[in-house]
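Participant: This is what each chain is made of:
Number of protein chains: 4
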Amino acid sequence: MKMFIDCDPGVDDSVAILFALNRPEVEIVGISTSTGNVSAVQGAENTLRILKLAGMEGKIPVCAGAEKPLVGEVDGFPDFIHGKNGMGDVELPAAEQKAVDMDVCDFMYQKACEYEGELVLVSLGRMTNLANTLAKYPDYAKKIKRVVSMGGTIYSHGNVSPVVEANIGGDPEAADIAMMADWDMTLVGLDVTLKTHLTRSDVDKLLRCCLPEKKEMVSFISEELKYYMDGSRRQNYTMEYSPLHDPLAMVVAVDPSVVNTRKMVTRVECGGTWCRGKVVVDLREQPIEGRFVEHALEVDSRKALNILFAAFQN
Amino acid sequence: MKMFIDCDPGVDDSVAILFALNRPEVEIVGISTSTGNVSAVQGAENTLRILKLAGMEGKIPVCAGAEKPLVGEVDGFPDFIHGKNGMGDVELPAAEQKAVDMDVCDFMYQKACEYEGELVLVSLGRMTNLANTLAKYPDYAKKIKRVVSMGGTIYSHGNVSPVVEANIGGDPEAADIAMMADWDMTLVGLDVTLKTHLTRSDVDKLLRCCLPEKKEMVSFISEELKYYMDGSRRQNYTMEYSPLHDPLAMVVAVDPSVVNTRKMVTRVECGGTWCRGKVVVDLREQPIEGRFVEHALEVDSRKALNILFAAFQN
Amino acid sequence: MKMFIDCDPGVDDSVAILFALNRPEVEIVGISTSTGNVSAVQGAENTLRILKLAGMEGKIPVCAGAEKPLVGEVDGFPDFIHGKNGMGDVELPAAEQKAVDMDVCDFMYQKACEYEGELVLVSLGRMTNLANTLAKYPDYAKKIKRVVSMGGTIYSHGNVSPVVEANIGGDPEAADIAMMADWDMTLVGLDVTLKTHLTRSDVDKLLRCCLPEKKEMVSFISEELKYYMDGSRRQNYTMEYSPLHDPLAMVVAVDPSVVNTRKMVTRVECGGTWCRGKVVVDLREQPIEGRFVEHALEVDSRKALNILFAAFQN
Amino acid sequence: MKMFIDCDPGVDDSVAILFALNRPEVEIVGISTSTGNVSAVQGAENTLRILKLAGMEGKIPVCAGAEKPLVGEVDGFPDFIHGKNGMGDVELPAAEQKAVDMDVCDFMYQKACEYEGELVLVSLGRMTNLANTLAKYPDYAKKIKRVVSMGGTIYSHGNVSPVVEANIGGDPEAADIAMMADWDMTLVGLDVTLKTHLTRSDVDKLLRCCLPEKKEMVSFISEELKYYMDGSRRQNYTMEYSPLHDPLAMVVAVDPSVVNTRKMVTRVECGGTWCRGKVVVDLREQPIEGRFVEHALEVDSRKALNILFAAFQN
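Respectively, the protein sequence lines represent chains A, B, C and D. Those letters in the first sequence? Residues 24 to 337, by the numbering used here. Those letters in the second sequence? Residues 24 to 337, by the numbering used here. Those letters in the third sequence? Residues 24 to 337, by the numbering used here. Those letters in the fourth sequence? Residues 24 to 337, by the numbering used here.
These are computed hints drawn from the structure, not numbers from a lab. You may find that some hints are simply not true.
Repeated chains share a single entry, so a pair holds when one copy, or any two copies, can fit it.
[Claimed, not checked] In silico lysine-lysine, DSS-like type, Cα no more than 30 angstroms apart, as pairs:
1. 168 / 25
2. 166 / 249
3. 326 / 25
4. 326 / 228
5. 107 / 326
All of these numbers come straight from a predicted model, not from anything done at the bench.
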């Protein structure tokens with residue numbers, strides 16, 4: 024499976040990337056970043072260090088993208104959950120590989136052309152880069168095989184407002200453009216990620232069960248998750264566990280059998296006090312204009328977690 | 024049970040009122056109307072004719088209220104479902120009773136004072152009159168025993184937008200004020216009304232089973248529902264049935280055991296494209312400021328319908 | 024939120040009280056005790072020690088109430104689960120504060136008058152004190168805002184008989200009087216408390232995650248729960264966990280969104296071999312005379328537990 | 024299948040008997056009656072007329088049994104639902120066959136001995152005859168293959184009290200004896216019978232679909248059900264339908280695949296105001312003394328009804 028990842032690492036992004044790097048059938052052909060959990064530049068830097076940690080330095084091009092959403096400005100980063108550096112303030116050794124010096128839209132389009140019809144686009148952050156590329160290259164959507172995105176909430180509550188999830192809420196206009204594009208998109212949102220609990224206990228088990236050559240990666244994951252779980256605890260009252268956001272989307276990208284889904288006519292609300300960024304699905308008999316987006320609604324959490332951890336075992 | 028009804032009759036409002044009039048333990052002490060299914064004045068006129076039909080002419084004061092929502096203007100009426108006259112274009116004989124000539128806020132407040140602490144306020148339309156009365160008389164809420172309102176949608180779809188129900192969507196600012204007032208409010212919304220099917224077949228059974236002295240009322244209900252079900256069919260693809268909106272709220276007012284509920288921190292979104300009028304509940308561990316409003320989430324439909332019909336039998 | 028607590032501490036009562044003391048929005052204005060898990064006098068003594076532990080010595084008046092149910096005598100205490108002293112035989116330092124020397128009915132009524140219309144009455148034991156106060160002061164019910172009570176079982180099994188829960192079974196006549204009073208009562212019974220598992224593992228996590236200044240309280244909770252969980256294990260075959268009774272009722276009192284409820288016509292059976300103390304709800308179309316009491320039927324256990332633990336964290 | 028029926032016809036009893044008579048694999052070897060819907064003598068008379076209607080006159084012995092419950096007296100009959108004659112006041116031609124002139128216990132025991140180990144005992148009324156026979160012949164239970172009884176309510180409401188079903192409530196002491204006997208007993212109670220709706224519409228379909236030679240029986244059923252459904256309507260607000268009580272138990276006797284069951288330790292409460300006659304099941308880890316009785320908890324209603332009707336078709 025040829026995969027392109029757009030992300031904002033981010034503790035849970037980094038776990039998702041490391042999982043993908045350790046799945047034999049996945050070939051990551053490029054990684055782009057946008058502002059979100061950290062700045063796009065910081066996210067690219069983090070990505071390069073993660074690749075080095077995984078022994079993949081120099082093998083996958085990385086490109087820093089949008090530093091701002093389509094509308095408005097960035098108003099700070101969620102340090103309390105991702106740390107100042109976006110990796111729970113764990114310091115990985117710097118890599119020698121540098122980010123490619125390209126416009127991110129050109130980078131994304133180039134990869135889409137190179138692997139035309141083959142590329143699974145995994146979107147783990149805001150959809151700003153996707154929207155910009157769709158604007159610059161109207162045929163971008165047609166070149167992508169399918170999109171799996173961590174984002175949104177339909178029946179569950181939100182995390183940046185009562186009804187809005189952070190990736191969509193961080194750039195609603197971009198998300199609406201991406202959802203209206205002519206490609207197959209699956210949204211893995213809070214309906215399933217909040218029900219999938221990543222526990223300290225499971226991470227400790229993984230430390231004991233992982234392959235020796237993967238121990239360093241697992242140790243890094245274990246360390247950065249301490250910060251992350253503590254932030255989750257203070258925000259969401261979760262003791263020694265956290266929801267599984269980006270890694271669950273990545274698991275779905277490689278094994279969609281862990282979720283039940285429904286395709287629904289979908290738009291993104293861009294106005295309002297609490298609803299700016301809300302994913303609006305229309306199940307009425309005569310719905311609004313919109314495209315059918317596939318939403319994950321139920322999850323086999325235990326299976327998803329086991330698949331995630333298994334990538335680091337033999 | 025002392026009851027005050029605020030409504031906008033409206034086919035389903037009229038069924039709800041006739042049900043209440045035929046429940047022995049219910050004493051209706053006043054009825055106010057606002058714009059909604061029809062104009063407030065037309066709604067008052069319809070109410071007077073319904074009272075006459077039920078043999079209650081002159082016994083319950085009726086007052087026409089707000090002709091406009093708090094913000095914006097009225098843009099037409101849903102003729103396709105309620106008919107031009109609001110009663111499925113069935114013409115009931117005119118009553119001699121006239122609507123009281125009072126400001127609706129004074130009327131509502133007067134009744135609340137007269138039956139202080141006793142009054143169940145059943146709200147079947149927009150909450151404009153409620154909001155205006157709360158503004159004019161800040162202690163209005165404390166005088167009301169509890170409020171049961173047909174409105175909103177939490178997990179189900181909407182009926183005037185993908186996520187918005189008509190009564191709340193028709194005056195979001197008023198609904199937000201009413202929900203933030205210091206009283207016990209139960210919302211009976213589309214989560215339960217869409218699951219409760221009023222069928223032609225059941226109405227025909229009622230025509231056969233009803234008491235002779237109630238036959239005229241049932242015949243009227245049967246006639247106006249022909250128009251209403253046909254509108255529902257064209258809008259929602261329902262053949263010879265319709266959802267049960269206002270009457271279900273009225274059934275809940277007299278017998279709350281037909282629904283399961285959850286109290287949730289609640290606000291009303293007043294902005295946005297599709298979300299203006301959306302009922303926003305916050306189930307996060309650290310919710311926004313808001314009051315706990317009780318939402319009906321599940322319903323014993325068969326029992327609710329049977330209770331509705333039984334009022335016209337022996 | 025002004026709160027009055029009537030209880031019989033009792034291990035789980037003490038956890039509930041400590042939770043309430045650590046919720047910033049809760050102001051406890053008085054605590055009364057009745058016989059139940061221990062004698063009323065012992066319960067008052069325990070309460071005073073708990074207040075001292077929480078640094079609240081002298082700030083909340085405590086009053087010992089009924090030592091006997093309305094009918095019959097006390098036949099021993101459940102030592103096997105609460106220990107001889109009612110706190111799992113953990114010895115807390117004695118307080119200098121003394122219980123107020125008043126008739127408990129006068130005490131409860133006085134507080135209800137002082138905070139008229141504001142008081143949330145949380146009832147964690149038998150309803151003997153409530154019934155006696157209602158008898159002595161017929162307008163007591165009207166002065167209370169709402170009642171949340173741990174008690175009863177509708178669809179689940181009982182714990183003192185196949186179909187009877189201990190608080191109701193301990194004084195059925197009192198419970199029937201309290202349920203027939205004219206106030207809003209929510210029963211949090213075994214239908215939800217048996218599904219909410221308080222685990223040793225979670226308590227250990229709390230010991231690691233709690234604030235330093237709250238460590239002493241959490242250590243006490245941890246210690247007394249050892250005894251309590253062991254009793255639960257011997258009675259109910261639960262290894263290293265127990266149901267969450269009184270603390271769940273307290274969580275519902277501060278955040279009702281953790282449960283789904285149904286209001287049902289309710290009485291308490293006072294006769295029979297296995298049914299004395301059974302909560303009888305009547306869902307028939309033509310029910311018996313009785314008042315609508317709200318019963319918690321479903322629970323978001325994980326959220327409820329997280330809210331409970333969060334009071335001791337930051 | 025050799026079957027013995029103990030009943031109190033009764034409209035629904037008569038439907039159940041006619042169904043059994045039309046199932047080829049069922050061989051009814053005797054029918055006894057007790058007081059319940061009508062007197063035992065009237066029930067025997069009705070049974071004889073039903074046998075004649077089915078062309079079985081003289082082929083199955085019928086015996087009138089207990090006219091009183093073990094404790095207390097008969098206080099009238101439910102005319103409003105079964106009619107004065109127990110068959111909805113439909114007059115069937117009298118039979119020439121007479122009831123056997125025997126003590127019902129001797130009759131029941133004789134049949135049990137004659138078909139030792141083979142007999143399915145279908146109990147459609149109070150268990151008075153069963154209890155008396157068990158008392159007179161202690162080895163009666165061992166001679167019976169299994170018992171299927173219409174009776175009780177576990178999670179549903181009752182019909183003679185909020186929590187008590189009529190057959191058990193009509194003779195609680197007898198029911199407790201029968202449930203403590205050493206045989207396999209399945210209770211088909213209101214949990215499933217209230218969910219199985221016998222509709223006028225289905226009966227009309229059966230009139231159109233039945234075999235010509237069975238038309239007379241179906242016409243009788245159709246006629247007596249008019250009275251029965253009208254009584255149900257007045258009591259339970261059911262328009263042109265009724266719950267399916269006795270016939271469902273009979274369907275379960277011949278095809279148990281229509282229900283899901285649970286075996287639970289069971290006793291019958293014999294005291295109390297609302298609970299006298301309540302079936303008490305104990306699901307606690309350490310239950311009371313009692314025997315495991317099998318209770319039907321879920322039903323495939325459509326299948327059960329189709330099986331019932333099919334006996335009258337080809």
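Participant: Would you mind marking each hint as holding or not holding in the structure?
Facilitator: For each hint, the structure was consulted:
1. 168 / 25: both (10 angstroms within a copy, 20 angstroms between copies)
2. 166 / 249: neither (39 angstroms within a copy, 49 angstroms between copies)
3. 326 / 25: within (23 angstroms within a copy, 38 angstroms between copies)
4. 326 / 228: Classified as both; 16 angstroms inside a copy, 25 angstroms across copies.
5. 107 / 326: between (32 angstroms within a copy, 29 angstroms between copies)
Violation of the numbered hints given earlier is confined to hint 2; every other hint is satisfied by the structure.
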